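> Kindly generate the complete structure, drawing on both the sequences and the hints.
So the sequences go chain by chain: A and B. Under UniProt numbering, think of the first position of the first sequence as 1, with each following residue one higher. Under UniProt numbering, think of the first position of the second sequence as 1, with each following residue one higher.
Hints listed in this document are in silico derivations from the structure and should not be mistaken for laboratory results. Take these hints with a grain of salt, some might be off.
Said to hold, decoys possible - Computed from the model, here is a short list of chain B residues facing chain A with C-beta under 10 Å:
#, residue
1, 120
2, 171
3, 173
4, 194
5, 235
6, 359
All values reported here derive from a predicted model rather than from experimental measurement. Ideal Cβ positions, reconstructed from N, Cα and C, are used throughout, including at glycine.
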Amino acid sequence: QCMTSNISNLGLWESLSACEVCADGNALFHSQVVCWRAVASIAWSVLLLPPTTAVFTFFSKFSFLHPIQTISECISLMTSASAIFSLILVLKDLILSLFSVIPTIACSKIALLAQLLHPRQLVNSLLHCIMGVIVAWCCGVTMGFRYESLGYPCPQSDGLPLMCLNEYQLILLLLGAFVGFSHSLLGVMHNFNYISFHTVQQYKYHRFKGALPLVARCSVTQALYSVRNFVVLYFFLGHVPRAWICQTLNLQLNRSALDSISGLLDFTLLYHLWISATFFLFLWYITLLLFRIFVTEVHSFPVQSSFTDDTPQCLPTVLAEKQPMILKFLALQDLALLSQHSLARRCEVFSLSQPGGHAHNWNAISKECLSLLADLTQRLQAYHDTIATNGRTKSLSSGSERKSSSETSGIFTNNVDLRSLVGEPLTAPFTPDLVSPFASPALRRLATVVDPGSPWYGTVQSPHIMRRGPKLWSTSTGDQSTFLEKLGSYFFKTKTFFFLCVTQVKNFLSKRVLVTYLFNKLPEASSQALFADSQAHIWALEGLSYLVQASFSEDHFGVVQTTLPSILSSMLLLQEAVDRHFKLPHASSKPSRSTSSMEESTYKTLRFALRATLKTAIYRITTTFGDHLKAVQISAEHRKRLQQFLEYKE
Amino acid sequence: MEATVTPCLDEGRHVNNVVLSSGCVLALLRWVSSFHGSLFPHLTVSRILGFNIGMILINAFVFLLSDCVVRAFSWHPHADKFAVALLDDSIKIYNPKSATTPTLKHRLQRSIAAVQWKPLCASALAVACQNCLLVWHVDPCSLSTRPSSGCAQVLSQPGHSPVTSIAWCPSGSLLVSSSPVDTAMIVWDVAAESGVPLQRVGGGGVTFLSWSPDGSHILASTPSALFRVWETRMWTCERWPCVKGRCQSGCWSPDGSRLLFTVQSETVIYSLTFTDIPGVTTSTSRGPQAAAVVADLSETAFSTPDGDIIVGGEIQSMAWDLRGERLAVLLKGDSNAADRPAIIAVFKTRASPIFELLPCGFVQGEPGAEPRLMQFHPNFRDGALLTVCWSNGKITHVPFYFLSASFPQLSFVGKPSPPRLQDGAADFTNQSLFTELIS
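As C-alpha cells, this is what we get:
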C-alpha cells in the first residue's frame, strides 16, 4: 500500500514565497538561505546564456566556405538574441517553485496518469509549450534564412501579391511546442522536480564542470528522439495545425506541403530542427542543473548562539521545524557533516548550557534524530502489518477461487499463492497473459476477481490520488491561487465523483484488461514510496553515529551516555524493521541504472543506501565502544543482537 | 623510456626482450593517450586507444606475474579473516574460526588487480576486475562454499577499465576506484550504485590509491611524474609534481598527518606532513611546500652466513602498521643477480615527539621465493603482524611482538617476547637512520 500519505510534498514554493513575506525573522532567514540560492542559480543560467547562444549560432550558421562571414554574423546576432533568451529563462525559472526534496512516486499507472492530468501539471505543460514556441521563434529568427517569418509575399498568377504560409517556420514553432510538452511530461514521469543530495561534497564549479558533459549528451540524444517523434507526428497530423494557421491568419499555401516523405527528408531542415531542439533542451537542463547544484549546497548552521535573536537560525531549532522541508534537509546534512569533520562544532554540541548546565544542544539534536528514526520504524511496521492482514484475507478469497478454477496451471497457482501472501494485487508480469486472447477464461476471472472484490481496492489507490488535490492547493498564494483553488476543488469533486462511479461500475470495469493494467501496482513503487524521504534518515543515522563515536573521546560531561541506550535500541529496532521489509518481494530487487539521463534516480536506491548506512552506523558504535557496550542498559533481545555486531556476524 | 611504462611492467624481473621492445611503443602510446585523456577525456579516440593499452597492460601483467599464484590479498579490518585472489580469477576467504572456505567466482571477475574489505561491515568485499568493480556480500554466518553471483554488485562506468586500484573510505561509506587509462577516478556510493567521476587535467590515469586511515586524504598517483593528494571533505586536490619519475607507492601514518612515498628509480623515502587546523576546512589549511627525505635505502653490502648480499635499491611497495610502530619496505632487488635478492626491510617508527625511523631487520623468504604483496594485520593485539605473499604461492605471517607505546596497558605474560624475524636479522637498534627535528 502506498504510504506516501505521511510524507509531505511541500516543495520550495513555501520558501520562495517567504521571499515576499519577510515579516518575522524566521522567514527572513529562510529567504536568506533558499531564495538567495534560487536567485543565484537563475543569475548564473542567464550569465551562461551568451556562450550557449554563441555555440548554437555557430552551429546553425556554420558554412565551410565562408568561415569569417560565419563568425561575424554570429557575433552580431548573439548580442541581440541573448537579450530575448534571458527573458525566457526568467520565465522558465518561475516553474522552479514546484521543486521538492522528496520525490512523488506513483504507485500505479493510474496514479501516474492522474499526475499527468493534474491541473497543475496541465498548466505546467501549457507553459512549457508556450515557452517552447517562443524559444523556437527566437531560434528561427537567429537562424534567419527561411525560418524568419510565418508568412511571405508570394506572387499569384493574376499578379496580386498575397501572403503565403512559410511552413518552415511553422514546423519549427510546432517542434518547440512539442519539445516543451514532452519535456514537461518526461519531467513528471522521471521526477525532474526532485532534488537529490550528493554524498560527495564538491565545490559548485567542479560539480557543474563534471555534470556538463552529461547535460550536453542528454540534450543531444533527447533532442534526437524528440525530433524523430515530432517528424513522425507531423507526417501524419501536420495538416491539422497547418490548415488552422492558414485559416486564422488568412495565409495561402503556396509550396508543396512539407508533410510528405520527400518534404521531411530535407536534411538541412532536419539538422536545423535537431540543433534547435538541442539548444533549448540544453538551456533547460542547464537551468535545472544549476538550480540543483545551488540548492543542495551545504549550509553551515550555527550550533548555538549567544543572542536570542539568532536562535531560529541555530541547528537544533531548524532541525525541529517541520517546514520548509528543504531547510530541514539542509540542517540534517549539516549535522551529518559537522559530526564527521568538525571537532570545534562537535564540542559545541556536547557542551552544557551556561548557566544551568543542561545539555540542550545534544538533547534537541538527539531527540529530533531519534524521532525521525522512530517515525520510519513505525511506518515500516504499519506497512508490514497492512500487508500481513491483507495477505490473510486475500489468501482465503483467492484460495476459494482457486478451487473453482481447477484448470489453471500449477505455476500460476503458485504465483497466486505468493501474491496473495504479500497482498499485492495482480502484478505486471501477468498482464500480458490477460491481454492475449488465448488466455483461459478461468485465468482471466482469477486475475480480475482479486482487485475489485476487496474493500482494499478503493482505499489503496484513492488516498494517494485524492491526497494530491488539497495538498497542492495549499502551496499557492495570491489572486491566482483563488482561481486555481476553485479549479482544484472542482477537479477534486469530479475526482471523488469519479471514484464513486468507479466503485459502482467496478465489477463491470474490472473485466476490462486496460483497467486492470492501469490499476495494477507497479512493482517496487510502494517500497520506493516508503523510503522516499530516507535521505533525512540517512543523515540522522550518520550524524548520531559519528557523534556517538566522537563522544568516546570528546564528550567530557558524559551527555551522550544518557541517551546511548535509546540510540542503540532505536537503531536496532529500525534494523529489525528494515530487515523484515527487505524480505518482501520486490523490495530487494535493484532498479535498472540510467546513467545517460537527467533523471534523478537516487530515490530508487535510497532504501539500499539506508540499509547500508544503518548497518555501518551500528558497527561504528560497536567498534568504538567494544566491550563497554555490555554495561549499557538495553533489553536482552537487543543485547543478543548487539553481540552479533560485536562479533562481526551481521 | 621504461619510466613512463606501467607499474605492472616494472613488477616483473623476468622482463624479456619482447616486453622491453614493446615498452617504447607503449610509452609513446601512453603519452599520446594521457594527452588525449587530459584534454578530451570523452573522445572516442582516447577511449579506443586507452582500451588497447589497457589490454596490453593486463596481458603483460598476467604474463609477468605468472609465477605468482596470489594476485591480491586483503585482511578484514576488524575480524580475523582474509581474502586471497588467485591466478584462476577466484577469490578464497579464509577464516580461522570457520570450517568453510567460501570461493567467490563471477563471470565478470577477470584479471583481478586488487581486493579490499569494506570497513565497518562484516561482509562486503570490493574486487577490482578488468572491466568492472565487483562488491561481494559474503554472509559470515553462511555455510555455503560457493556464494552465488547474485551476491555480487557490479559497478561499472563506460571508459573506466581496467580497474587496477581501489580504496574504501575508513568510515565505510564510499569507495574510490581508478584505472591507469582513465583520467577520472570514481567515487562510488556503493549502496546506491552511483559513481561521481573526479577529473583533473594532467597525469593521464591513476595507478595507485591509498586512503589515509583517518579518512581525510587520498593519495592518487599517476603514470607520469605527478601525484595528487585529495582531501575528502570538498574533494579538492593538491598537485605534487615529482622530478624524476612517477610515485611508486605510498602509505599513511595512522592519524593521517604524514604521508611516506617513494618515487620510481629513486632509492629514498620521502615524507609529507599534513596538519589540520581544527575548525578550519582542510582545503584552506596549507600543506607542506616540499617533501622531505626521511630515509636513504641505497645499496649496502651485508655479510651473512651464506655470503655477502647487497640490500637496497629501488623500492616496490611500503606498508605501515595501523599503530604506526612498524614500517615494512619491499625492496625490488635484482632477480638475475643471486646476491641482490628482493627483500623486505622493516623499520621501527615513532611519530612523537619527533618522527623517527630506526632499522629493525629484514624479512626474507625461502630460497628463490620473492615477496610480492605484503600487508599488516589491522588489529593484531600484541604488536604487529606482517603478512607476506611470496612468488611461490606461499603466504606467511611474520609477527612482531613489542610493547606498544600507544597501548601500554597490554600485558605480555606468556607471550614470546623476542622479536622473531625469519632470516638475516640485523641489529641496528641504536642507530637512528633518520631523525627529524621539530621546527
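> Decide, hint by hint, whether the structure agrees.
Hints, one by one, checked against the model:
Look at residue 120 of chain B: its Cβ gets to within about 4 Å of chain A, closer than 10 Å, so that hint holds up. For residue 171 of chain B, the interface hint holds, the least distance from its beta-carbon to any beta-carbon of chain A being 7 Å, beneath 10 Å. Hint status for residue 173 of chain B: holds, given a least beta-carbon distance of 7 Å to chain A, under 10 Å. A least Cβ separation of about 7 Å between residue 194 of chain B and chain A falls short of the 10 Å threshold, and the interface hint therefore holds.
The closest approach between the C-beta of residue 235 of chain B and any C-beta of chain A is roughly 5 Å, which is under the 10 Å cut-off, so the hint is satisfied. Given hint, residue 359 of chain B at the interface with chain A, is violated; its Cβ is 34 Å from that chain's nearest Cβ, farther than 10 Å.
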